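Engineer: Chain order of the listed sequences is A and X. My numbering applies: residue 6 is where the first sequence begins, and numbers increase by one. My numbering applies: residue 6 is where the second sequence begins, and numbers increase by one.
Don't read these hints as lab results, they were simulated from the structure. It should be emphasised that the depicted structure is a prediction, and the values quoted were computed from it without experimental measurement. There's no promise every hint is true.
Any copy will do: because identical chains look the same in the list, a pair fits if it lies in one copy or spans two.
What the hints assert, rightly or not - Capping the alpha-carbon separation at 25 angstroms, the derived lysine to any residue pairs in SDA-like fashion look like this: (1) LYS137 to ALA178; (2) LYS58 to ALA178; (3) LYS58 to ARG147; (4) LYS58 to ALA82; (5) LYS152 to ASP87; (6) LYS152 to LEU15; (7) LYS137 to ASP189; (8) LYS152 to HIS54; (9) LYS58 to GLY177; (10) LYS152 to ASP90; (11) LYS137 to PRO48; (12) LYS58 to ILE155; (13) LYS58 to SER39; (14) LYS137 to LEU37; (15) LYS152 to ASP60; (16) LYS58 to TRP148.
As a plain string of letters, each chain reads:
Number of protein chains: 2
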Amino acid sequence: MSRNYHHGALAEAMVDQALADVRVQGAEHVSLRSIAQTLEVSPSSAYNHFADKDDLLRAVGACGLAALDERMARVLAAHPADNPDAARARFSGLGRAYLAFAIDETHLFQLTFGPICAVQEIPPEDTGPYNKLTTALDDLDRWQLLKPGIRSDLDLMVWASTHGMATLLVEGAVPPESVDAFIDSMARLVFIEGALSAAEGR
Amino acid sequence: MSRNYHHGALAEAMVDQALADVRVQGAEHVSLRSIAQTLEVSPSSAYNHFADKDDLLRAVGACGLAALDERMARVLAAHPADNPDAARARFSGLGRAYLAFAIDETHLFQLTFGPICAVQEIPPEDTGPYNKLTTALDDLDRWQLLKPGIRSDLDLMVWASTHGMATLLVEGAVPPESVDAFIDSMARLVFIEGALSAAEGR
DNA sequence: GCTCCTATGTTGACATTGTTCACATGAGAT
DNA sequence: ATCTCATGTGAACAATGTCAACATAGGAGC
């Protein structure tokens, strides 16, 4: 009652608060009512902006995807792909960024790629994480750093690997220390012999 | 009241019913009360056998893991690893079994590897899916079918890949048709050149 | 500047859920 | 036959998602 939200900012405020709550408790334990209470707003006001609790959570999941994409974009920006070393650094850096996101933002990661936020199939004109991976692989291919004959469907393979490793990290099935082993193993699989640097990534 | 469960079978009955419910509605939408109601039992009776709703769900998740393991065991039993072709078939077959489980039992897969059932780190004497993968890789190595130098940490890599692909399938991020592309890509990465068979697996 | 409409927030209510506590009861050991 | 403990019951509580009827503020149109 102190502040009233008759200025259209409630939707954003709820997403922000939900995002904060998801970060600390995980999506399973956030409650519409407590969000409303924190914002000093009636529980039912949410239904003017979101069809559903899940609808709100989907908005939070979209924030998660955006955060991941931003991390990956930063990696690309840091390494202009104008030489082989940078191309390798891009590739490994993208992987590390993905895994770091999973480790740092476990709950957000789980929501973003969980059952609530159905990830739609990647559209051709996508500019998100998947597209960034594809361009990194194209760069590697252009510099002839990939083992011969493996380029086709490599996007799917690398995406699945990295996403799977992230999931295993998040579930605690694998300790964070094994990230290096994973990245090394990946490098051994895809890079031509002799092109392995001692410390992949950064 | 018709049948009373004073014979100790309630725990199993609840797990069975919960398993059935998870299969159709997904773990997020199963309710202790409705399970009790189906079994014609009081809601609170569950607490004589399970600490918690999550405790019951963890039992269901264990069933899921067992079902997955059984599928993989069937693959190993079907291909005695006494020749190179069989060793390759084992490897690809295990991958296909994992992915088939994810596709057939989406909800159970999500529960088994979801936040509720924290997957503990793999113990050294494990005999489950991870161990089966390791032995399949050892077989490939013994027959010298792997590209040189990639064996170390390959378990982690292959596990992550397959698990990640399964997750992508379950989330709908990738259509079931791409399983073949995934398996082929995997084969291109790990098998020595010339050892690729036209139809990996079966 | 007045009026009306629509977007937005409130009140109160309902059904459902997980969980607990005090109590009943039945089967097996003594 | 009695005692005891494991197991199931009944009633209750707090919390949650959701909805329908209602209030109101602030801008659009005159």
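Engineer: May I ask which of the numbered hints given earlier this structure violates, with the numbers listed in increasing order?
Structural biologist: 3, 4, 6, 8, 11, 12, 14, 15 and 16
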